[in-house]
Amino acid sequence: MALSDQELMHEVASGNETAFGELYDRFGKLVFRVAWQFFPNQSESEDAVQEVFIRLWRTADRFDAERAKLVTWVMLIARRHMIDRLRRKRARPTTQDYVSDPMGDGPSQTEDPTEIRAELRVRMERLSELQKEVVTRTYFQGFTLKETAEQLGAPLGTVKSALSRALAAMREGPKPEM
Amino acid sequence: MTESVHQSDEPPTLEDDLILDALGLLDESESVALQEALRELSASEREEARVLQADWAIQAPLPSVTPPSHLRTACIASAARAAEQSPEHHLKLTLNRQAKNHHKANRSAAVWRAAALAMFAGMLAMIMLTNQSESWQGQQARSEKIQRNLEALGVSPKINAILSNRDNPFIQFGQSKLGSGQLVWNDSTGDFVLFSRGLPKEVAAVQVRVNEQVVYEQAYLAKGGQFQADAVEQSSLRNTEGQSVTVAFLDQGGNVVLTQTISMA
Chain H
1 MALSDQELMH EVASGNETAF GELYDRFGKL VFRVAWQFFP NQSESEDAVQ EVFIRLWRTA
61 DRFDAERAKL VTWVMLIARR HMIDRLRRKR ARPTTQDYVS DPMGDGPSQT EDPTEIRAEL
121 RVRMERLSEL QKEVVTRTYF QGFTLKETAE QLGAPLGTVK SALSRALAAM REGPKPEM
Chain L
1 MTESVHQSDE PPTLEDDLIL DALGLLDESE SVALQEALRE LSASEREEAR VLQADWAIQA
61 PLPSVTPPSH LRTACIASAA RAAEQSPEHH LKLTLNRQAK NHHKANRSAA VWRAAALAMF
121 AGMLAMIMLT NQSESWQGQQ ARSEKIQRNL EALGVSPKIN AILSNRDNPF IQFGQSKLGS
181 GQLVWNDSTG DFVLFSRGLP KEVAAVQVRV NEQVVYEQAY LAKGGQFQAD AVEQSSLRNT
241 EGQSVTVAFL DQGGNVVLTQ TISMA
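Residue numbers (our numbering), protein chains in the order written: chain H, 1 to 178; chain L, 1 to 265.
Hint data in this document are derived by calculation from the structure and do not stem from the laboratory. Small disclaimer: the values here were computed from a predicted structure and weren't measured. Fair warning: there could be bad hints in the mix.
Just a few of them, taken from the derived set where beta-carbon distance is under 7 Å, the chain H residues facing chain L [said to hold, decoys possible]:
#1 T18
#2 E22
#3 G28
#4 N41
#5 S43
#6 F53
#7 R55
#8 T59
#9 R62
#10 F63
#11 L127
#12 K160
#13 S161
#14 A169
Quick partial rundown of chain H residues pointing at chain L, CB under 7 Å, derived from the structure [as the list claims (entries may be wrong)]:
#15 S4
#16 A19
#17 E46
#18 Q50
#19 L76
#20 V122
#21 Q141
#22 G142
C-beta: ideal position from N, C-alpha, C; glycine also.
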């Protein structure tokens, strides 16, 4: 019988390797996709994924299923880690990097990378200029919402609403596989 | 750009915040504020919010790529290594910036050993790297554990030999006018200890890698807690067997202010 989110993280926190493997089985692909979004090359994405899972293990005892589903927790940890890593690297990739010119070896693709790029380009094209700018800075480049608001001279609330609605619009396209 | 910003000036809704939070886009304080706001909601509304966030976490716009099959094993191995190094799930760091002495690169091993112990006693800067776990059952048990740790770290036989040789219990990192450091074998505890001194004030973090795997990464919290950065970049010196040990000190912005390279004393 499958463990609940809370049970799984309890086991992970206690150092159960099997549970840790299950955590990877459930979310490894998702975390890899987040990593690839920030670091579109094989080795860096793999490093980042490993770091995220170590972080998940270290924070497993803080997971509270009452507050969030595990996937939300994992995504939160993963994205925050990627943003930290991106900032440490101080080489922020642009959307152009992602859309036009991923570096290095490709991952084990399920889709042609050119299709991925084209798809993203199409999705971005649907957005207003503000939304494109906000998505690029916050979602792809790792700037905080506050930083983006300052850069654009816009109220924080405006940036927030523009971003969430832009992401919603982008999500309308073909859904990525899990 | 500014012009377009003001064309669509809409306040964020709770749903906007939930989506951004699910994607890790809210900062810590905003996330806490959101959690507080959620507590004001009814149980059913909170559940609705939970489902919305989970849905967004799964269905976020992300590239459709698949991780290589070996990554699962690598993740488990990384976690196992991290567990070995940090049995209490937290790596330890104590740095003390009271040091005033500066070492010279050509000191003998004995002098260096004494210097390392003096630095240790004076708490110039100490970082515990590995394994302070269960009780040590005598010298033999300790040696075996040390060996296992070294293996887990992927330390090459050459570096292993340096570290475990009591007559040469340290690796010295190249000096810099900005500071210096040594990776020292602490024979009394069976730990690796990283000593550093003469660090510039802006040092905020340190990172150590063995074979490109981060085996230690810790922010440096000086008195007053003003330093919060994580460790970052590295420089490595590969030995003849292709292994590498890397240490770097970084400022708050993640810039390397002092990169140490390995040399054998």
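Q: Identify every previously stated hint that the structure contradicts and give their numbers, smallest first.
A: 1, 2, 4, 5, 7, 8, 9, 10, 11, 14, 15, 16, 20, 21, 22
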